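**Q** As you go down the protein sequences, you meet chains A, B and C in turn. Take the first sequence: its position 240, counting from 1, is numbered 240 in this note's numbering, and each next residue is one higher. Take the second sequence: its position 10, counting from 1, is numbered 10 in this note's numbering, and each next residue is one higher. Take the third sequence: its position 22, counting from 1, is numbered 22 in this note's numbering, and each next residue is one higher.
Think of the hints as simulated: they come from the structure by calculation, not from any bench. These numbers were taken from a predicted model, which means no experiment stands behind them. Some hints could be false.
Unchecked claim - Covered stretches of chain A (in silico footprint by chain B; criterion: 3 or more residues with CB under 8 Å from a CB of chain B, positions within the stretch not fixed): (1) 89-101; (2) 109-122.
As the list claims (entries may be wrong) - 20 Å max Cα-Cα, derived SDA-like pairs, lysine to any residue: (3) A:Lys239 to C:Cys206; (4) C:Lys316 to A:Ile445; (5) A:Lys399 to B:Ala130; (6) A:Lys239 to C:Ser20; (7) C:Lys315 to A:Ala408; (8) C:Lys208 to A:Asp383; (9) C:Lys316 to A:Ser427; (10) A:Lys87 to B:Cys50; (11) C:Lys315 to A:Lys368; (12) A:Lys87 to B:Asn241; (13) B:Lys182 to A:Asp383; (14) A:Lys399 to B:Ala68; (15) C:Lys208 to A:Ile8; (16) C:Lys316 to A:Glu416; (17) B:Lys182 to A:Asn447; (18) C:Lys316 to A:Val257; (19) A:Lys56 to A:Lys79; (20) A:Lys399 to B:Ala56; (21) A:Lys81 to B:Met212; (22) A:Lys368 to C:Ser20; (23) A:Lys399 to B:Gly51; (24) A:Lys368 to B:Arg116; (25) C:Lys208 to A:Ser427; (26) C:Lys69 to A:Ser427; (27) A:Lys368 to C:Cys206; (28) B:Lys252 to B:Asn241; (29) B:Lys210 to A:Glu416; (30) A:Lys364 to C:Arg15; (31) B:Lys182 to A:Leu403; (32) C:Lys315 to A:Met231; (33) C:Lys316 to A:Leu403; (34) B:Lys186 to A:Lys364; (35) A:Lys87 to B:Gly51; (36) C:Lys316 to A:Glu407.
Where is the CB? At the ideal position from N, CA and C, for every residue including glycine.
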Amino acid sequence: MSKLTFHIGGVHPDDAKLSHACAIEVLPLPPVVYVSMAQHLGAPATPCVAAGDRVKVGTVIGEPSGFISGYVHSPASGKVKSVGPRKDLAGHNVMHVEIEVDPEGEEWEEDIDRSDTLVTEIPTDHAAVVEKIKQCGVVGLGGATFPTHVKLNPAPGSKADCLLVNGSECEPYLTSDYRIMLERPQEIIVGAAIMQMVLGGCRCVIAIEENKPEAIKTMEAALAQLGYKNMEIAVLKKKYPQGGEKQLIDAVLGRQVKSGALPISVGCVVQNVATSLAVYEAVQKNKPLITNTLTITGDCLPASAQHNYLFRIGMPLSYIAEQAGGVPESAAKIVSGGPMMGKAVANLDATTVKGTASLLFLSKETTKRHPEGYCIRCAHCADSCPMGLEPFLINRLYKAGDLEGMEAASAQDCIECGCCQYSCPASIPLVDNLRMAKGQVMAVIKNRRSNGK
Amino acid sequence: MTGTFLWTVGILAALGFILALILFFIAKKFKVEEDPRIDLVEKALPGANCGGCGFAGCRAFADAAVKAPNLDNNFCPVGGNEVMKQVAQILGYEIKQQSPKVAVLRCNGSCENRPRINTYDGVQSCRVKAALYAGDTLCPYGCLGCGDCVAACKFGALSINPETLLPEVDEEKCTACGACTKACPKGLIELRNKGPRSMRVYVACSNKDKGMYTRKACKAGCIGCGKCAKVCAQEAITIENNLAYIDYTKCKLCKKCVAECPIGAIHAVNFPVLKPKPAPAEESKKEAANE
Amino acid sequence: MENKIVSPNPHIHTRTSTASLMLDVIIALAPSMALSVLFYGWSALMLLALGAGFCVLLEWAIAKWMMRKPQLFCPSAAALTGLLLALNMPPSTPWWTVLIGAIVAIGVAKMSFGGMGQNVFNPAITGRVFLLISFPQQLTTWDIPKGFIGGIDAVSGPTVLSQAKLGGAASVADLDLFRTFLLNPGGSLGEISGLALLVGFVYLLCRKVVKPWIPLSIFVTVAVVSSIFHLCNPELYTGPVFNLVAGGLILGACFMATDYVTSPMSDWGGVLFGAGIGLIVMMIRYFGSYPEGVSFAILLMNMTVPLIDRAFHRKKFGYGRA
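With the sequences and hints as input, model every part of the structure.
**A** Written out as structure tokens, the structure is:
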């Protein structure tokens, strides 16, 4: 099979999958967990428990407060200590539910199937499955944490003809998706088959980058064994940002999602492999999304301190770092997520959320920004932009405050992947400014749309 | 030879004449009738094109002022009453006197008061920084110190103090155009009454967290204890979201709240130092307030 | 423990920097420089060292003392300008002309426009053209100094391009073009071997420092234009192969026209830019009063770069095919 990739731009950062050989370990629960109510894109959930309430593992503690919102479940059994604001990763106040974990043994909600037996039988009731996914609080675990049930429920009139399951994990360092593909391939494939059924039995492609040959082999074997129809594995070339929704669709199907449109407009739905696993657990095991896999890695960690952990939501990051051997002295920056698109951690006391994929400890040499130089018009930024934009131009227009120019240069299409800034030899902070430019243009477009109506 | 010469001159002259005719007719046809008073008003304005009045520039303001039935909604903060009097004279309108205002920073999170817990390493722009995270201190409301307000000020009235990393307002230069209030992503800068002889009392804090958290984040943060509100005879002080606010239209500058504040979050500026020695307690309070 | 850094994404950066890119170009010029030093001896070495050294010194001084922006100074970029300037001069050029050229290149063409990235004209070419106009005699005297390798049968005298200019295509008809391409002592330092230049250029392509479109477009245009004229009148107009290998075309196309700052940023813009250069070169060679026109052609096309950049944009994702 010929190797596929997207057609515009892209960069090739060092792979640095240092923790690829570390099997997933289960983290023990800390004495207290803090569960954030803002674990998904959209409106934060409304807490539905009060201080003093007893909760079990899997009890609903947050209810959706809008169409694009989601349920939040308790990751532990114990007593709710308080419900109140707490600082998140970026230091902003977000509603959290503080739960004191029972020290002796945990109590699960009765209807959760905790056995390991693989359930391969696919249910056939669309609405029930979507409802279950919603009830279990499943969100996209590829980074954006978009509620999955909304994505699987395309607007009337649009129909999906292809489900893409994203196992490309194109960000350097991260290995959590790789590990679950190695360790739980069958569950992922069953999850994909469930989503395939929900979307009306369309084609399903599981896309994996070529730098993960083991994962490709394991997944192919599992697929052959399970023998689902209309499902295949596609091997992609290694290139960042292959895991971007629009890039993945371009790579696998050669279709371009129009500017401002959603993947469904070209008949595609993209889901991450971790989401697929969560869907499996939700539908077949009735288990809400309270766990995910995260990678502890970084260039200043010794090989022995690299880990892949199965964590529960609500664990403080500082607790996880401690379990992994503490924050190394040489770490200059802690990043949650990949080094290209992840967020720097401003507050290590923040807790894990559904979408937490990693904790990176990066050394100063790797991560410290170089002083901003002068643009030499080399056009590396434009060559690497996967959206075909001209970052140098948008940067200049932003500084000049030219809103119309920015819109004409399509600042609103920026996906903030970081390629331009990564490749800029003069270390110009392009993404910082482009993000602002995008925000300004989006506001103008939104305004125009609401005025037009 | 002479023929070529004559031809050249002739053709060019004819061409010039035809183009001149075209220009003449176009100028006639597309002539824009404009109220001559717009020019007069524009001349009276400071001409800084700062946008403080809410219009794109001085010309736009003049245009709006001439078309408006009165001057109630049009005021040039830079020119102040002086200029508005002239404008009113030109247009034959009455104006309401507005008391002059000045930009005031409602944050006192200097490096000393508010310890830094991480180092920001992005573009030196408050907007970018605010979009990324809450800031490099524990206070998610306070000044980010990248100087977007300084860049927005067209009058050079703002500068970042390198010691406190907070912007400082030069009262002489500040024209209360309001550009900085829009530039600050945290909304920390407020236009307040300049006050008699520039004397003002205000709360130099915007932290809405509970007192416990505020205290952890900043030594100079308002904890919302409400002592100032109790002591105020004018009922000018309100406490909302754990934060005191002094309504400058009601404040009579008695300074009782300044003495009462346990944190020193209420600042009283430009008051004359009393000749008879003030009580030692009050002095120390004042020092704290002025730092 | 020190405070942790917080910054927006991305958190990693490529190892390529402006300085390393410039250094790559200098490395790509190394074969040509080595050959010219071998064949022209001390005078070539002196010109190269003087050009590079003086340009670096000058840029540092201007950035530091005149513009008060020491961060503008990039030693490898300044050295590259100096080397290119020296490579564009005959080996017998007196040393002081290089200094004047450097002042024009760095002082006038680069720093007075705002330094790094701001210049409209290629600094090295501006310097060379200034010298060519001011000191035509020194810049067109092709005495060959004694090199470290003796016994080469180079001739002092006019270059093949001058011969062609004076005597038409017939006067250079018996030239061994392949040898000229391999090794051709008798022109500017950098024109000694087209092969060495191309080897360097391939290195740049492999390192992804430059893209091939501008040189390719220049070569194709030169070949096409000269073929047409040559077919019309083979006695008067020189042929395509001659025009490709003679003079400074390869040097100009591969190393001067591809300068980041003064060339268009889009691929198709580069093609147009190259086509313009090729056309102007051939017009000057056939009809101008100078035997060679690469420098003038590049300078003229430099002026059009802002316009080209305005006209040519990249193909954006999500606007074309569905």
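**Q** For the pair supplied as a hint, Lys315 (chain C) and Met231 (chain A), is the alpha-carbon distance within the 20 Å limit?
**A** Outside the cut-off at roughly 33 Å; violated.
**Q** Compare the distance between the alpha carbons of Lys87 (chain A) and Asn241 (chain B) with 20 Å, and conclude whether the hinted pair is satisfied.
**A** holds (17 Å)
**Q** Against the 20 Å threshold, does the CA-CA distance of Lys316 (chain C) and Glu407 (chain A) hold or violate the hint?
**A** holds (13 Å)
**Q** Between Lys368 (chain A) and Cys206 (chain C), does the CA-CA distance stay at or below 20 Å?
**A** violated (28 Å)
**Q** Assess, step by step, whether the Cα of Lys315 (chain C) is no farther than 20 Å from the Cα of Lys368 (chain A), and give holds or violated.
**A** Outside the cut-off at roughly 33 Å; violated.
**Q** For the pair we were handed, Lys81 (chain A) and Met212 (chain B), check the Cα-Cα distance against 20 Å.
**A** holds (18 Å)
**Q** Would you check the hint for Lys208 (chain C) and Asp383 (chain A), treating anything up to 20 Å between C-alpha atoms as holding?
**A** Satisfied, since the Cα-Cα distance of roughly 11 Å is no more than 20 Å.
**Q** Does the structure keep Lys252 (chain B) and Asn241 (chain B) at a Cα separation of 20 Å or less?
**A** violated (24 Å)
**Q** Checking one constraint from the list: CA of Lys399 (chain A) to CA of Ala56 (chain B), max 20 Å. Satisfied?
**A** OK: Lys399 (chain A) and Ala56 (chain B) at ~19 Å, within 20 Å.
**Q** Hinted pair, alpha-carbon criterion (20 Å max): Lys316 (chain C), Ile445 (chain A). Please report holds or violated.
**A** Given pair Lys316 (chain C), Ile445 (chain A) holds - Cα atoms ~19 Å apart, limit 20 Å.
**Q** Take a quick look at whether Lys316 (chain C) and Ser427 (chain A) sit within 20 Å of each other, Cα to Cα.
**A** violated (24 Å)
**Q** Does Asp383 (chain A) sit within 20 Å of Lys182 (chain B), going by the straight-line distance between their CA atoms?
**A** Roughly 36 Å separates the two Cα atoms, so the pair is violated.
Of the numbered hints given earlier, the model fails hints 2, 6, 9, 10, 11, 13, 14, 27, 28, 29, 32, 34 and 35; all others are met.
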